[in-house]
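Student: Turn these sequences into a full structure, and let the hints steer you where they fit.
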Amino acid sequence: MPEQRTTVEGKAWRFGSNISTDDIISAAHLTSLSIEEIAPFAFENLRPEFAKNVQPNDIIVAEENLGIGSSRESAAAILRSLGVGAIIAASFARIFFRNAYNLGVPAIEFPAIAKDPNLVRDGDRIRIDLKEGTLFNHRTDQSHQITKVPPFLIQYIEAGGAIPLLKQKLKTI
Amino acid sequence: MTQQTMAEKILTTHSDQKAVAPGEIVEAFVDVAMSHEMMGTRVIPHLEEAGVTKVWDPSRVVMILDHWVPAPTVEAATIHQRVRNFVRDFQIQHFYDVGSGVCHQILVEEGHVRPGELLVGTDSHTTTGGAFGALTTGIGATDMAIVLGTGRLWFRVPDTIKITITGKLPAKVMGKDIILNILYRLGVEGASFQAIEYHGDTLKQLSLDAWMTLTNMAVEVGAMAALIPPDKRVLDYVKQQTPQSFTPVYPDEKATYHQTHELDVSKLVPQVAKPSLPSNAVPVTEVEGIHIDQALLGSCTNGRLEDLRVAAQIVKDKQIAKDVRFIVNPASRRIYLTALEEGTIGTLVKAGATIGPATCGACFGGHCGLLASGEICISTSNRNFPGRMGSADSHIYLASPATVAASAIAGKITDPR
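Chain order of the listed sequences is A and B.
FYI, this note's numbering numbers position 15 of the first sequence as 15, with every residue one higher than the one before it.
FYI, this note's numbering numbers position 298 of the second sequence as 298, with every residue one higher than the one before it.
These aren't lab readings, by the way, just hints derived from the structure by calculation.
Cβ atoms here follow ideal geometry from the backbone N, Cα and C, with glycine treated the same way.
It is possible that part of the hints are untrue.
[Said to hold, decoys possible] Some but not every residue of chain A turned toward chain B, in silico, with C-beta under 7 Å:
1. N45
2. E73
3. R94
4. A162
Tutor: Shown next, in the form of structure tokens:
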């Protein structure tokens, strides 16, 4: 797996609060053994156009409690499969947050978006720097503070997820 | 000595550190790892990619098929087959096949949840086991692959929220009503990334079945885990289920709690969580009369013996409304058999209930009772997100077994009192 960059630039896809893992991928698709096969059903009820139009490095920007509910890793996995470069939210549900890093997709807190949803609008071109903890919005020409990704989690991004790290670890024990 | 909460103590005894504190990242030794169908779909590919050819300790791994059981599709049957092959090839010592029960119930009934231990499972409702004094938490497929390969996993030591429940619970008001009310008060993020510790005199009056409902839906409050200091009932129960020794932990008197909440339940009325968040709880009186198409009694939240008995008592010698499906899924074969032998199942069937297998089935929108567009279900399960149980524009109201049973009879949301 190639080393991942710690800056991401792409188009923002805006979502609200309490987007559940059921919203991201419904249980109806979870018996598939192929993530690629079910990726077209990402957000199928909320934003059916998402899977068709999302481009590599596009960024999910949600409000409170993104990924509430089921532990299904397929929710984060289909977003990775569709090329999503980062997931930003005012706050995250715990298991979804872990799953994202485990798959090498940064999940970064941006508390201010909950108070001012217009900081990033749907379709804005944004750039984030994981190590610096900054989000730059090209539309507004403004830079915002987001949570700095700690070195502990940066290693997951740089390795492309936890499985490559596990592979290394198993070689040493 | 550092004063610690139960979660802090368990993470301390399961790491190399002398004493862990909230916010710290610790690598912890796992006592028990549980997976279900997610093993067949997502964990096995991770193990293959990482080159894991044996699990760290096959005697500490529990596999349970419970979501799509019995297999409703060839795809589901294939997943089950992959899990069975894995169990055989990796010599997994604890396997519970189709029909055994819902994983969180099986873990408890078979003595895999033991006070003071650390258990992880690939299911968000793994918090349930905390009713037995263990730190039990949900993880994803990659985390499970790491645990199976190494026996360890990193955790951020959670802050603990103490919830003290006092007062005598009124008749026909249940553990479910307590947790729905807690959800209303704290919200779906109220305990995000944190641990909950339940205390208070009311716990003594509640059954262990009800304790499990309190810890089960802690994940709906966002919690990593929910723990209850084990009483004699818990210790006796676990000793009956397993010869394995264990060391219970209790919170220190001066442990630091991030927040404390007190809840007097002596005047609590039955709660109903309206669509589409479990925190949308209102007194049943505010939603009485809403027509229902389906009533579901079951799931890891409320498919236990007490739940079936309370429902049977309410529907005894009555008939469910003509235009309602009343679906009952006992949470395990053991529960099913006891309920059958004592006549509880008979009472439910006579009233018009359809008894399904011990499965997660309809609760997560898998099979065995999905909803069509526009339909309304009142359910004892744990989530009422849009589309959770079928069509994206079906609607779910969450309630206790008593409220669900009373509603099934009336054909509309009904106060069980």
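Student: Next step is simple, just say for each hint if it's right about the structure.
Tutor: Status of the hints after comparison with the structure:
Evaluation of the A/N45 hint against chain B yields a held restraint, the C-beta minimum of about 4 Å falling below 7 Å. Hint on A/E73 holds. Least Cβ distance to chain B is approximately 4 Å, under the 7 Å limit. For A/R94, the shortest C-beta to C-beta distance to chain B is roughly 5 Å, which falls under 7 Å, so the interface hint holds. The beta carbon of A/A162 comes within 5 Å of a beta carbon in chain B, closer than 7 Å, and the hint placing it at the interface holds.
Hint compliance for this structure: no hint is broken.
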